[in-house]
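Q: The residues making up each chain are set out below.
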Amino acid sequence: MGYPHKPHERETTVLSKYFGDREAATLDGWKKRGGYKALQTALGMAPGDIVNIVKDSGLRGRGGAGFPTGVKWSFMKPGDGKPHYLCCNADESEPGTFKDREIMRWTPHALIEGCAIGSYAIGAETCYIYIRGEFTEPIARVESALKECYAAGVLGKNAMGTGKTVNIYVHRGAGAYICGEETALMNSIEGRRGNPRIKPPFPAVSGVFAEPTTINNVETLAAVPHILNNGAAWYKQWMRPDNPKSTGTKLYSVCGNIQKPGNYEVPMGFPFKDFLYDLCGGPLPGRKFRAIIPGGISVPIQTVDEAEASLMDYEGFVAQGTMLGSGGVIVIDDAQNLVKQIARAARFFAHESCAQCTQCREGTAWTTKILERIVAGEGTSEDLDTLLEIGENMTGKTICVLSDSCATPVASGIKKFRGDFEALIKKKKHYLVPAVA
Amino acid sequence: MTAPKPSTPEYFRSEIRRESGDLHSPAHAAHGEAGHGHEPYTPVFTAGSARRKELDDILSRYPTKMAALLPALWIVQHERGWVSEDGMAEVAELLELTPAYVKGVVTFYTMYHQHPVGRHFIQVCTTSPCNVCGAEDVVDAFLKHTNCQELGLTSPDGKYTVIEVECLGACGFATPIMINEDFVESVTPEKVPEILSELE
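As given, the protein sequences belong to chains A and B, one line each in that order.
Numbering-wise, the first sequence is residues 9 to 445 according to my numbering.
Numbering-wise, the second sequence is residues 15 to 214 according to my numbering.
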């Protein structure tokens with residue numbers, strides 16, 4: 009199966025195996041495809057053993073930070089007498105990323121099974137799946153899958169007939185990028201404005217409702233049933249021999265100026281050059297790639313040379329000056345005004361800043377203003393230095409990393425494509441950047 | 015009908031406001047619900063109603079009442095098409111919050127409408143990944159064919175409101191748009207008249 013394209017022969021489809029298969033979204037269909045076996049096994053195991061298997065598999069967070077999942081789970085102290093919570097981060101709002109959307113649309117039960125196993129492993133009886141408000145279809149799919157699960161006794165007070173309680177609820181967001189930040193997400197579940205919280209205390213100590221909480225991305229949790237079914241060694245077959253730190257398969261969302269946009273699943277360490285030209289079909293006819301952002305708009309921009317030299321895993325992208333992030337590959341070709349797109353990215357962050365930290369509130373707004381001035385042909389020669397200076401003040405100084413995320417594409421853009429900026433300042437070309445509602 | 019400007023901030027519940035006549039200044043009455051001849055606000059969550067049951071079910075999922083705030087506001091918007099001051103006040107009372115607190119939350123999240131919008135609320139994604147695929151031309155096409163004067167305004171026939179939105183999370187299907195609760199993927203300016211013709 010495949011969606012919107014048939015899987016390429018070089019793809020390794022674990023999570024995306026049933027994309028495009030409508031029947032896989034139903035409980036019966038999912039069970040026929042081997043679903044809920046892992047949950048049945050898990051509920052008969054000691055929670056600590058599940059955590060150890062996940063730790064051993066090397067699974068790392070797929071939402072952007074790449075923190076080892078098993079280690080995160082082990083921070084939850086069993087038997088502390090407090091209610092524990094699992095939050096699933098389905099607020100996928102990083103521009104360029106749309107993998108969780110497809111997981112929820114086609115295989116909602118994969119996510120639910122992962123959530124149930126995760127909840128049991130960390131001693132939580134309640135799990136909230138926080139889905140961004142715009143994802144109306146994924147919300148409907150997950151909610152109807154949950155309804156089936158409760159009706160069939162897969163979830164609830166006697167989950168799978170084991171006497172264990174596992175409750176999973178959908179919490180719908182309402183349009184705020186920042187709610188993908190873990191502490192902002194928790195505030196949003198609590199019915200507050202989505203302002204990120206100061207850490208520490210970390211969520212494992214005081215998370216949602218001030219109780220111990222673990223938060224995982226959709227793709228991370230959806231991988232857990234496969235690991236339990238097949239074992240940690242099976243999951244570790246996908247890694248570079250010289251880099252055991254990144255294991256398993258990863259879903260990449262590809263968008264922008266490229267022949268075949270869509271979701272692709274490849275093993276860790278896959279060559280990015282082959283990925284771009286072979287799997288995704290390369291640039292549009294008569295065009296050339298100009299710049300690549302491999303992990304969602306928050307990560308540093310790559311030149312084509314850097315991208316072609318990259319290996320697709322956490323360390324591979326770092327070695328080429330960027331990050332794996334959430335796996336949202338944005339491709340920009342030579343027909344685009346790169347500075348305008350960087351200005352548009354800055355505008356995104358200015359719009360989405362929660363405005364509680366000064367560096368971010370002021371920094372994102374001024375960065376946007378200056379960039380749009382340059383795009384409009386009214387930039388001055390000092391503007392680039394001013395942008396870099398503002399960016400420095402926006403990095404590492406705020407409660408969350410939204411501020412850093414705004415500074416990153418700007419700073420890397422100026423560093424790697426300075427000529428584009430200078431040409432605009434020199435030529436005073438006029439481009440229009442429209443306002444955002 | 016043009017979209018009214020967001021109403022003057024006010025934190026009083028409708029009953030209180032009606033009782034104190036001096037708050038009914040003409041300027042005040044020109045906006046929002048108060049503009050329609052001071053019709054009393056009909057609560058969404060009347061006792062025994064399906065919506066009230068839905069809210070009770072939601073409340074059972076969380077250890078605090080406040081956590082039901084976002085879902086409750088969604089219900090109000092679903093029922094009324096927007097979240098009015100009176101709607102906020104009703105939710106505040108049910109969840110034991112202050113109207114000012116509820117308003118603080120409503121204004122944080124961009125998807126709650128604080129004033130009425132057209133029957134078809136059209137959101138076009140123009141963030142970088144869609145922008146490089148020509149999303150701005152899609153916006154222009156919508157503005158032209160809906161007769162909306164500018165972004166955020168409602169068309170004179172009350173049918174459409176068009177806005178730009180930040181990343182809809184469907185970047186590989188550029189340009190995605192949302193019409194009320196529905197997604198339309200891979201929209202190009204040429205497809206806009208056909209999409210609009212399928213709307214009532």
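The hints are simulated quantities; they were obtained by calculation from the structure and are not laboratory data.
Backbone N, C-alpha and C fix where the C-beta goes; we use that ideal spot for every residue, glycine too.
Don't take each hint at face value.
Partial selection, computed: residues in chain B whose CB lies under 7 Å from chain A [claimed, not checked]:
id : residue
1  : 69
2  : 75
3  : 115
4  : 124
Partial selection, computed: residues in chain A whose CB lies under 10 Å from chain B [unchecked claim]:
id : residue
5  : 91
6  : 104
7  : 182
8  : 199
9  : 213
10 : 242
11 : 261
12 : 262
13 : 336
14 : 355
Q: Are the hints correct? Go through all of them and say.
A: Here is what the structure says about each hint:
no.	hint	in the structure
1	69	violated, 13 Å
2	75	holds, 5 Å
3	115	violated, 9 Å
4	124	holds, 4 Å
5	91	holds, 7 Å
6	104	holds, 5 Å
7	182	holds, 4 Å
8	199	holds, 3 Å
9	213	violated, 17 Å
10	242	violated, 29 Å
11	261	holds, 6 Å
12	262	holds, 6 Å
13	336	holds, 7 Å
14	355	holds, 8 Å
In this structure, the earlier hints numbered 1, 3, 9 and 10 are contradicted, and the remaining ones agree with it.
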